[in-house]
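There are 2 protein chains.
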Amino acid sequence: MAAPPHKRSLALTKVYGLLEPGPVVLLTTSHKGTANVMTMSWHTMMEFEPPLVGCVVSENDFSFAALNATRQCALNIPTVEMAAQVVGCGNESGAQSDKFADFGLTQASASLIAAPLIRECYANLECRVVDTRLKNRYNFFVLEVVKAWIDPSKKAPRTLHHRGYGVFMVAGETIKLASRMR
Amino acid sequence: MAAPPHKRSLALTKVYGLLEPGPVVLLTTSHKGTANVMTMSWHTMMEFEPPLVGCVVSENDFSFAALNATRQCALNIPTVEMAAQVVGCGNESGAQSDKFADFGLTQASASLIAAPLIRECYANLECRVVDTRLKNRYNFFVLEVVKAWIDPSKKAPRTLHHRGYGVFMVAGETIKLASRMR
Chain G
1 MAAPPHKRSL
11 ALTKVYGLLE
21 PGPVVLLTTS
31 HKGTANVMTM
41 SWHTMMEFEP
51 PLVGCVVSEN
61 DFSFAALNAT
71 RQCALNIPTV
81 EMAAQVVGCG
91 NESGAQSDKF
101 ADFGLTQASA
111 SLIAAPLIRE
121 CYANLECRVV
131 DTRLKNRYNF
141 FVLEVVKAWI
151 DPSKKAPRTL
161 HHRGYGVFMV
171 AGETIKLASR
181 MR
Chain F
1 MAAPPHKRSL
11 ALTKVYGLLE
21 PGPVVLLTTS
31 HKGTANVMTM
41 SWHTMMEFEP
51 PLVGCVVSEN
61 DFSFAALNAT
71 RQCALNIPTV
81 EMAAQVVGCG
91 NESGAQSDKF
101 ADFGLTQASA
111 SLIAAPLIRE
121 CYANLECRVV
131 DTRLKNRYNF
141 FVLEVVKAWI
151 DPSKKAPRTL
161 HHRGYGVFMV
171 AGETIKLASR
181 MR
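If you're matching them up, the sequences are chains G and F in order.
Quick note on numbering: the working numbering labels position 54 of the first sequence as 54, and the sequence is numbered without any gaps.
Quick note on numbering: the working numbering labels position 51 of the second sequence as 51, and the sequence is numbered without any gaps.
Derived from the structure by calculation, the hints contain no laboratory data.
Do not rely on the hints blindly, as some may be mistaken.
Mimicking DSS-like on lysine-lysine, the simulated pairs with C-alpha atoms at most 27 Å apart in a straight line are [what the hints assert, rightly or not]:
id, chain 1, residue 1, chain 2, residue 2
1, F, Lys154, G, Lys176
2, F, Lys176, G, Lys14
3, G, Lys176, F, Lys155
4, F, Lys176, G, Lys155
5, F, Lys135, G, Lys135
6, G, Lys147, F, Lys135
7, G, Lys154, G, Lys14
8, F, Lys176, G, Lys154
9, F, Lys147, G, Lys135
10, F, Lys135, F, Lys154
Whole structure, please, built from the sequences with the hints as guidance.
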């Protein structure tokens, strides 16, 4: 299947570098003909390869039922230009509204899952749920990233990092140190 | 017990705002008379109150045995001034070296746990392990933050966010949006 517009495939071994810095992501689902998007910051890498991501999707979120039933979602990473849309998607519920329409977000087809990708985001990760042992206690899902897309023109993406109550830190300068850490 | 130098107690309800943006943290442990510190980026908030944090501590890390046996650790949050120490602690193993001595990190007493706090970090979270169901499969621990300390003079902490292979994003500007998200 064709890549989403402006994107190229990203090696799965490089996915951790996108999520490890803690950006706010937009989680997309599709269930019973309805696509939805929610704003999420509670995620962590859990394995390099295949890339595993743990995340909390509250059962109070409209997306919970879709993620739980379909076991698929996409994690779409926005930059500061999308700040108003990020907050808007966090303030509204998909139970009452079509957030793609309300915030001018464009759906692009994923290659391996049914949930849509968000074209305006600089990176898109297609995910399947692989472990739900902590779901009942913590609303915690373990996802495997099965396909990754990135906009190669965004060299220093100004991602958003939520500090609570609508305060966001915007990614600043980058420094390189002599690390042996992967 | 006295607060660590220059720190005040932080309400546990505010802890999520420290970890949600995804900063690199220094995880400290104490086991059989040996204190150790490791650099970690794989963590996520899992609950607001009491604050729960999920994190991956690999069984290849020297800290794993201490965390597993004592079920206690502190998460200490450094800023960019400590970048060399953060990378140094990531490159060395506590099995071979005393990283506190090697990198000039000062131990301060915690109030509720035996693991030391790092004085030079702007925030310190005292934690207990509360769930290890995903430990065997993913080296994933669920921590409860039982006490939090912060340096009130650091209004806009320039935290470090790892992009992989020693590349760090430094926290940039802060923006405020009309969010109803907590």
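Status of each hint after checking the structure:
Between lysine 154/F and lysine 176/G, the direct Cα distance comes to roughly 24 Å. Compliance with the 27 Å bound is thereby established for this hinted pair. Simply put, lysine 176/F and lysine 14/G have alpha-carbon atoms about 31 Å apart, too far for the 27 Å limit, and the pair is violated. With a C-alpha separation of about 25 Å, the suggested pair lysine 176/G and lysine 155/F falls inside the 27 Å cut-off, and the hint holds. A hinted pair counts as satisfied when its Cα atoms are at most 27 Å apart, and lysine 176/F with lysine 155/G qualifies at roughly 25 Å.
Only pairs whose Cα atoms come within 27 Å are accepted, and lysine 135/F paired with lysine 135/G is accepted, the gap being roughly 15 Å. Proposed proximity of lysine 147/G and lysine 135/F is supported: the alpha carbons are some 26 Å apart, at most 27 Å. Simply put, lysine 154/G and lysine 14/G have alpha-carbon atoms about 15 Å apart, close enough for the 27 Å limit, and the pair holds. For a cut-off of 27 Å, the pair hint linking lysine 176/F to lysine 154/G stands: about 24 Å separates their Cα positions.
Distance restraint check for lysine 147/F and lysine 135/G: the Cα-Cα separation of roughly 26 Å lies within the 27 Å cut-off, and the hinted pair is therefore satisfied. Pair hint lysine 135/F plus lysine 154/F does not hold up; C-alpha atoms about 35 Å apart against a cutoff of 27 Å.
When held up to the earlier numbered hints, the structure conflicts with 2 and 10 and fits the remainder.
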